[in-house]
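*Asks:* So the chains spell out like this:
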Amino acid sequence: MAKRIYGIFDDEEALMHAIPHLKEKGVVCKDVQSPFPIHGIEALIGTPRTRISIASFLFGLTGTSFALWMTWYMMIHDWPINIGGKPNMMFYMNLPAFIPVTFELTVFCAAHGMAITFLLRSKLLPGVTAPIPHPRITDDKFVLHVDVKDESKVNDVAALIKSEGASDVLFKSMQFS
Amino acid sequence: MSGNHEAVVRDPLILGKKTYHQMTEDICRPIEGKANKWWWISFVIAFIAMIWGVTCLSYTIGNGIGTWGANKTVGWAWDITNFVWWIGIGHAGTLISAVLLLFRQRWRMSINRSAEAMTIFAVVCAGLFPLFHTGRPWLDYWMLPLANQFGSLWVNFNSPLLWDVFAISTYFSVSLVFWYLGLLPDLATVRDRCIDPTKRFIYGIISFGWKGTARDWHRFEEVSLVLAGLSTPLVLSVHTIVSFDFATSVVPGWHTTIFPPYFVAGAIFSGFAMVLTLMIIARKVLGLQEYITMQHIELMNKIIILTGSIVGIAYITEFFIAWYSGNMYESYAFQNRAFGPYWWAYWSMMTCNVITPQLFWFKKIRTSIMATFVISIFVNIGMWFERFVIIVTSLHRDYLPSSWTMYSPTFIEVGIFVGTIGLFFVLFLTFSRLFPIIALAELKSILKKTGNQYKKKGIL
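Protein chains in written order, with the numbering used here: chain A, -7 to 169; chain B, 4 to 463.
Hints in this document: simulated from the structure, not taken from any laboratory.
Note that this is a predicted model, so its numbers are computed, not measured.
Heads up, a few of these hints could be off.
Said to hold, decoys possible - Each pair of labels, with its calculated beta carbon distance range:
# : chain 1 : residue 1 : chain 2 : residue 2 : range
1 : B       : 370       : A       : 79        : 56 to 62 angstroms
2 : B       : 179       : A       : 49        : 18 to 24 angstroms
3 : A       : 78        : B       : 143       : 23 to 29 angstroms
4 : B       : 47        : A       : 159       : 45 to 51 angstroms
5 : B       : 408       : A       : 80        : 34 to 40 angstroms
We put the CB at the ideal spot given by N, CA and C, even for glycine.
Turn these sequences into a full structure, and let the hints guide you.
*Replies:* Below is the structure:
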């Protein structure tokens, strides 16, 4: 059994200040929950840079390819029609008229693909219960998650977090895998 | 964290003495309290208008579009005017949330949520017109590139009308996702404040279990940035494609290359006017004057001067080119616009769109709430007339003089238009009671940079 400690802070600047000090003393800062994005916190707690923009680019590329294939298949290959004498013998001749639809489908796939990836990766779906250690973390409290493996040191770590500016400290037992 | 504080010479964007908790209280108050008398009065009026619109629309479905005043010569009339007007209004929301995000304009944060909601509701209203203009709305799925049983016939990808189908549906769905992702943290705030377990359950479902960890926020910000980057060309493309509906035809007055930038500027112009109309009322009724300040109104008025002037120059350029090109059909079309039977529509447009926004050059006028409200209404009317002038005056004198005719709307058409205004306000009023109308989490992140009391600390 190990313990997770939640350090409750009233101010994001105090929290930002406390994390490097705690890390120096060997405290493992796992995560932070906050009511708004705190810039620079990812570097402090060691969150890797997200690759979601790369995912978006790939989704966009899929959209472009699909649109190009679709217009080629429908307008050039399957059922070519002479519309106002516009050249439709070859795909590249008719391509300028297909650009708007290609652009729209690229944006459509890039935006929705990325949004869905974000929701799945962050486990945000209707019906998911949010783990809320303190009722005001979506209002004005900032919560630092700290894991302590050695149970005998829990009170020391808690006191340390308090001395670094936390207004309160909460405990939760948890099983380490 | 000294880098957190903005230069003191900039005016604060959040007035009063606010803490994070006070901001939560202020912005959640309209959701948690009871609706006041003014909310109910406006809701009932809007609802009656909507019901009237539904009645007229049902009559149209039952009897066909022969119930409208549109005829063989003026085939696009009141309905397409309304379609372009509503789509244009929607553009301000995306502009505020996407373009101003890329330009790092912090003042957008107080208004982007409601402007985006306005975008979505305006696109809903806009979409109704072309869907019902087809005459057989139950066959509207024919507009999609579906494998079908009518021979291997596909939709025509050379047609700007089909581009519109793709542009509008992409615009609607991407705006909806952008808006809803931004809502998640604020819905979680409402959820965590709910006392009633039923409400808590519902807000729990619609907030998707938002927990606000550092990793979530990191991804959230990246997603917002990339969505803004995608929405910026999207919003420009949507009105460009709407203008292609006209510009790729051979009708005099429509067949011009100036149309895409001219339409996009006009769309932003009318959109900001509608944002101002709504915000001036909402900040008063919901008591949000400390978040939507005079500075916000003034900045929006400055955008109205810019886009209004672009639109004015476009009108003059069109006129000049019609003469300079030496094309007799083109010059006739423009003479007919200004001095023909619809001269009153043209001059209403010129007065409302070119002259009234220029009044905002005076600081006294652009910092007066009453003047801003009146001018924003003028711009809304003027932009409606712009689309009416472009569509009806160009069509009613076409290449074949024997088919020249006049157009006037029937009460059914007017009823549908009034109905969409009712629908728009029903949706907006409902939104203002169920969702936080200011992007709370985002605004909290700039409180220390631009809050009034933090600015004062900086001076001391």
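*Asks:* Can you name, in rising order, the numbers of the hints this structure does not satisfy?
*Replies:* none
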